[in-house]
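*Asks:* The chain contents come next:
Protein chains: 2
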Amino acid sequence: MQLNRDFLPSLAGLFFYMNEKLENIKKLNITKPLLLDCKQNVSNFPLAYETYGELNKDKDNAILVFHALTGDQFVSGINPVTKKEGWWNTAVGPGKAIDTNKYFVICANVIGGCMGSWGPKEINKKTSEPYGLNFPVITIRDIVKAQETLLDYLGIKKLLCATGGSMGGMQALQFCATFPDRTFSAIPIACSTSHSAQNIALNELARQAVMADPVWDKGKYLKKKVQPKNGLAVARMVGHISYLSEKGMQEKFGRKLQEKADYEFSFDADFQVESYLRHQGYTFVERFDANSILYITRAMDYFDLSRQFKGGLVEAFKNQQTKFLVISFSSDWLYTTRENKDTVIALNAAGADVSFAEIKTDKGHDSFLVNEPEFLKTIKGFIDSMHTKFKNEKRI
Amino acid sequence: MQLNRDFLPSLAGLFFYMNEKLENIKKLNITKPLLLDCKQNVSNFPLAYETYGELNKDKDNAILVFHALTGDQFVSGINPVTKKEGWWNTAVGPGKAIDTNKYFVICANVIGGCMGSWGPKEINKKTSEPYGLNFPVITIRDIVKAQETLLDYLGIKKLLCATGGSMGGMQALQFCATFPDRTFSAIPIACSTSHSAQNIALNELARQAVMADPVWDKGKYLKKKVQPKNGLAVARMVGHISYLSEKGMQEKFGRKLQEKADYEFSFDADFQVESYLRHQGYTFVERFDANSILYITRAMDYFDLSRQFKGGLVEAFKNQQTKFLVISFSSDWLYTTRENKDTVIALNAAGADVSFAEIKTDKGHDSFLVNEPEFLKTIKGFIDSMHTKFKNEKRI
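As they're listed, the protein sequences go chains Y and U. Using the working numbering, read the first sequence as starting at 1 and increasing by one per residue. Using the working numbering, read the second sequence as starting at 1 and increasing by one per residue.
Calculated directly from the structure, the hints in this document are not laboratory data. Note that CB positions come from ideal geometry on N, CA and C, so glycine has one too. Errors might be hidden in some of the hints.
[Said to hold, decoys possible] Taking lysine to aspartate or glutamate pairs in the EDC-like style, the calculated list, with each CA pair at most 20 Å apart, reads:
#1 Lys39/U <-> Asp262/Y
#2 Lys310/U <-> Asp181/Y
#3 Lys218/Y <-> Glu264/U
#4 Lys247/Y <-> Glu20/U
#5 Lys260/U <-> Asp304/Y
#6 Lys247/Y <-> Asp342/U
#7 Lys260/U <-> Asp37/Y
#8 Lys218/Y <-> Asp268/U
#9 Lys310/Y <-> Asp268/U
#10 Lys39/U <-> Glu264/Y
#11 Lys39/U <-> Asp181/Y
#12 Lys341/Y <-> Glu251/U
#13 Lys252/Y <-> Asp304/U
#14 Lys225/U <-> Glu23/U
#15 Lys39/Y <-> Asp262/U
#16 Lys256/Y <-> Asp268/U
#17 Lys218/U <-> Asp37/Y
#18 Lys223/Y <-> Glu20/Y
#19 Lys394/Y <-> Asp181/Y
#20 Lys247/U <-> Asp304/Y
#21 Lys260/Y <-> Asp304/U
#22 Lys39/Y <-> Glu264/U
#23 Lys39/Y <-> Asp268/U
#24 Lys341/U <-> Glu251/Y
#25 Lys260/Y <-> Asp37/U
[To be verified] To give an idea of the chain U side of the interface with chain Y (calculated C-beta under 8 Å), a few residues:
#26 Gly95
#27 Lys102
#28 Leu154
#29 Ser194
#30 Asp213
#31 Ala233
#32 Glu246
#33 Phe267
#34 Asp304
Full structure from sequences and hints, please.
*Replies:* Put into structure tokens, the structure is as follows:
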């Protein structure tokens, strides 16, 4: 792939084209006032969501899936907006580990996001312009509070399971801490109870890449129907490097050259890994809003359950009835096994019911999104057994 | 530190101010033709260098130090151009591990660099304009070949030692492979015999950050006396994240806030680690040329001793008389202990005299630049003993 930014305007154009498609997706207008952590009180905002499968009459088969940084509500099947596969098609669908023939799967686009939920690209009714940086800085707690309202709307008192990987796992932990009696079980995957310095640094790098692009213009680019595509693409490359393990990257790409026999002695993409990064970066601008990257990474960096509860993590998880399964991946250097084990230790210290699995894999942080049989078997086994237990408990 | 790019023009201005200071530094005009790996034949170009200590009459006390990506020839004392400390002041100086009271230390600015050696910001005599992207894409082999000429000029037939960390270590390995009889010993530190996919990816990220900045303008910015400071700063942040270990970063910064008691719910630097990265990024533009980052990272990515020698690494190191000490740092994730051990295995397979030390530290790749007593003791012990052996060998 050559260094060809000339075709980028058309890709960024796709972004605005897709925005128009957001009219036809499921949205709940949240009328219940929500006091954000930044002290703003908000109401009357949209939460876009999708559901898969059917809620049974006992209402004991609902699973709330939380998405990660660049995910959205379209977990399974074909995403109707991007026309690409749902981001968790490996795990969710008919007959899959999270079997939509048996379970009712719900996923909402996070507030601050850009797939129809209230976010920085939505129109601020007070100014009739996109919010941009006038959107409030939100937190993971704000995000899950908004989603709890969706459960009320769907008539679900208690979930069978709350789960997600990466930022989705943080939301699962936050959901349990904030609403200790709203889910029977939870699977926080490849995450932590607070962002490490290295993770804050990587997010800051992504933000700086966006903000360094003059097109970003302090977040006001949407008014001009442009995207800071160069900066956003660089931000996305940061992500893709951190999602793979060193060994996985070496096995996948090594020093293989991109359709050439020798070095070109230029700054075109000689190596396959360069080509991969450029492709990932420059297709991302089709589907994601640059300001959303700022807001969502900020929410991740602010996430700190220990800080939130005065008594620390033990306080955060006290009186939990939820049954936890914490999962880590051996080659994940973004949310290491050690960090995931710290979550397990805190849950244990709080007297919660918790089990833990480290999946051995070279696929790094991305492991939760790819076909990793041991991982899929683990979540399937846990959810199915939790369903039996949940039914029995309801019967008693 | 606030997000304040307004003061940046003055910092970038400093870069041009410092360029004027480069008139008074030591430079060798290389007249001997140099056939670059890209097949260009060049001659009559400057190689800027510095020396410390004195060459003894037996000429057996010369140590050639190779600098890393953003280093320069000013190893010790005060850098006369930037007025800051030399980059290896921890290791090199009177009474230090590499004792300039005993040894004659030489360091040259790499070609492709920006501290007086022939690089993309130098004037192309054919056009009377800075080279920019008309500068040839150079390799680590080109870099060390240019430096060998300096040894001829200084009258040094055989070095006591060739050493450097990171890209400096690659140069040390390349020097030994290309000139097997020009150094008695070598200490390649925290490096590898070829760049891994992850390292190529991180370098590509840095290059993309620079090239995404419209001020870069395909490398022609120097004509306008500007620097693509935003992109260059982001590129530098990539480096600083990779130079520290996850644990080291956590210990140094953790989640500490920057002179505030609580989150500000904004995109200013709330966390110390953000402030650190911004500072590192935005002071770097004072002293470094953006095109040099492109050229030097490219040279690193192209480095592959196994590819260079048809018979692979064993061929690269065959008939070595040089005595090697390979050093790695336990928490270095950029050039892991495993990669450094691979170099040791290759040297062993080629029948070379090689020893190896892994220094236990949390300081990551940066360890070779900081005060790490075990490391400094290791290089001092090796160099002093090599000096005795070298003298004895000369005597026989």
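*Asks:* Against this structure, judge whether each hint is valid.
*Replies:* A quick look at each hint next to the structure:
1. A hinted pair counts as satisfied when its Cα atoms are at most 20 Å apart, and Lys39/U with Asp262/Y qualifies at roughly 13 Å.
2. Between the alpha carbons of Lys310/U and Asp181/Y the distance comes to roughly 66 Å, so the proposed pair goes past 20 Å and is violated.
3. Taking the CA atoms of Lys218/Y and Glu264/U, the gap is about 17 Å. The hint holds against a cut of 20 Å.
4. A threshold of 20 Å between alpha carbons decides the hint, and for Lys247/Y with Glu20/U the separation of about 45 Å lies outside it, so the pair is violated.
5. Using a Cα cut-off of 20 Å, the hinted pair Lys260/U and Asp304/Y holds, with the two alpha carbons roughly 16 Å apart.
6. A C-alpha spacing of about 14 Å is found between Lys247/Y and Asp342/U, which places the hinted pair at or below 20 Å, so the restraint holds.
7. Straight-line distance between C-alpha atoms of Lys260/U and Asp37/Y comes to about 17 Å, which keeps the hinted pair within the 20 Å bound.
8. For the hint linking Lys218/Y to Asp268/U, the alpha-carbon distance of about 12 Å falls within 20 Å, and the restraint holds.
9. Among the hinted pairs, Lys310/Y with Asp268/U is inconsistent with the structure: their alpha-carbon atoms are about 25 Å apart, more than 20 Å.
10. Between Lys39/U and Glu264/Y, the direct Cα distance comes to roughly 11 Å. Compliance with the 20 Å bound is thereby established for this hinted pair.
11. Proximity of Lys39/U to Asp181/Y is assessed by CA-CA distance (about 71 Å); at most 20 Å being required, the pair is judged violated.
12. Taking the CA atoms of Lys341/Y and Glu251/U, the gap is about 19 Å. The hint holds against a cut of 20 Å.
13. At most 20 Å may separate the alpha-carbon atoms for a hinted pair to count; Lys252/Y and Asp304/U meet this at roughly 18 Å.
14. Restraint check for Lys225/U and Glu23/U: satisfied, since their Cα atoms lie roughly 18 Å apart, inside the 20 Å limit.
15. Taken as a hint, the Lys39/Y and Asp262/U pair is honoured in the structure, with Cα atoms around 13 Å apart against an allowance of 20 Å.
16. Of the supplied pair hints, the one linking Lys256/Y and Asp268/U is violated, its CA atoms being roughly 40 Å apart against a limit of 20 Å.
17. Proximity of Lys218/U to Asp37/Y is assessed by CA-CA distance (about 44 Å); at most 20 Å being required, the pair is judged violated.
18. Simply put, Lys223/Y and Glu20/Y have alpha-carbon atoms about 15 Å apart, close enough for the 20 Å limit, and the pair holds.
19. Under the criterion of a C-alpha separation no larger than 20 Å, the hint pairing Lys394/Y with Asp181/Y is consistent with the structure, at around 14 Å.
20. Note on Lys247/U and Asp304/Y: the hinted pairing holds, with a Cα-Cα distance of about 18 Å set against a maximum of 20 Å.
21. Between the alpha carbons of Lys260/Y and Asp304/U the distance comes to roughly 16 Å, so the proposed pair stays at or under 20 Å and holds.
22. Between Lys39/Y and Glu264/U the CA atoms are separated by roughly 11 Å; this keeps the pair inside 20 Å, and the hint holds.
23. Between Lys39/Y and Asp268/U the CA atoms are separated by roughly 18 Å; this keeps the pair inside 20 Å, and the hint holds.
24. A C-alpha spacing of about 19 Å is found between Lys341/U and Glu251/Y, which places the hinted pair at or below 20 Å, so the restraint holds.
25. Annotation: proposed proximity of Lys260/Y to Asp37/U holds, straight-line Cα distance about 17 Å (limit 20 Å).
26. Hint status for Gly95/U: violated, given a least beta-carbon distance of 35 Å to chain Y, over 8 Å.
27. For Lys102/U, the interface hint is violated, the least distance from its beta-carbon to any beta-carbon of chain Y being 39 Å, above 8 Å.
28. About 30 Å separates the beta-carbon of Leu154/U from the nearest beta-carbon of chain Y, more than 8 Å, and the hint is not met.
29. Taking 8 Å as the C-beta contact cut-off toward chain Y, the hint placing Ser194/U at the interface holds, the least distance being around 6 Å.
30. At about 7 Å, the closest approach between the beta carbon of Asp213/U and any beta carbon in chain Y falls short of 8 Å, and the interface hint on this residue holds.
31. Annotation: interface hint on Ala233/U holds; nearest CB of chain Y at approximately 7 Å, less than 8 Å.
32. Given hint, Glu246/U at the interface with chain Y, holds; its Cβ is 5 Å from that chain's nearest Cβ, closer than 8 Å.
33. With a cut of 8 Å, the hint placing Phe267/U at the interface with chain Y holds, because the nearest CB-to-CB distance is about 6 Å.
34. Satisfaction of the interface hint for Asp304/U is found here, the shortest Cβ-Cβ separation to chain Y being roughly 6 Å, below the 8 Å cut-off.
Checked against the numbered hints above, the structure breaks hints 2, 4, 9, 11, 16, 17, 26, 27, 28 and satisfies the rest.
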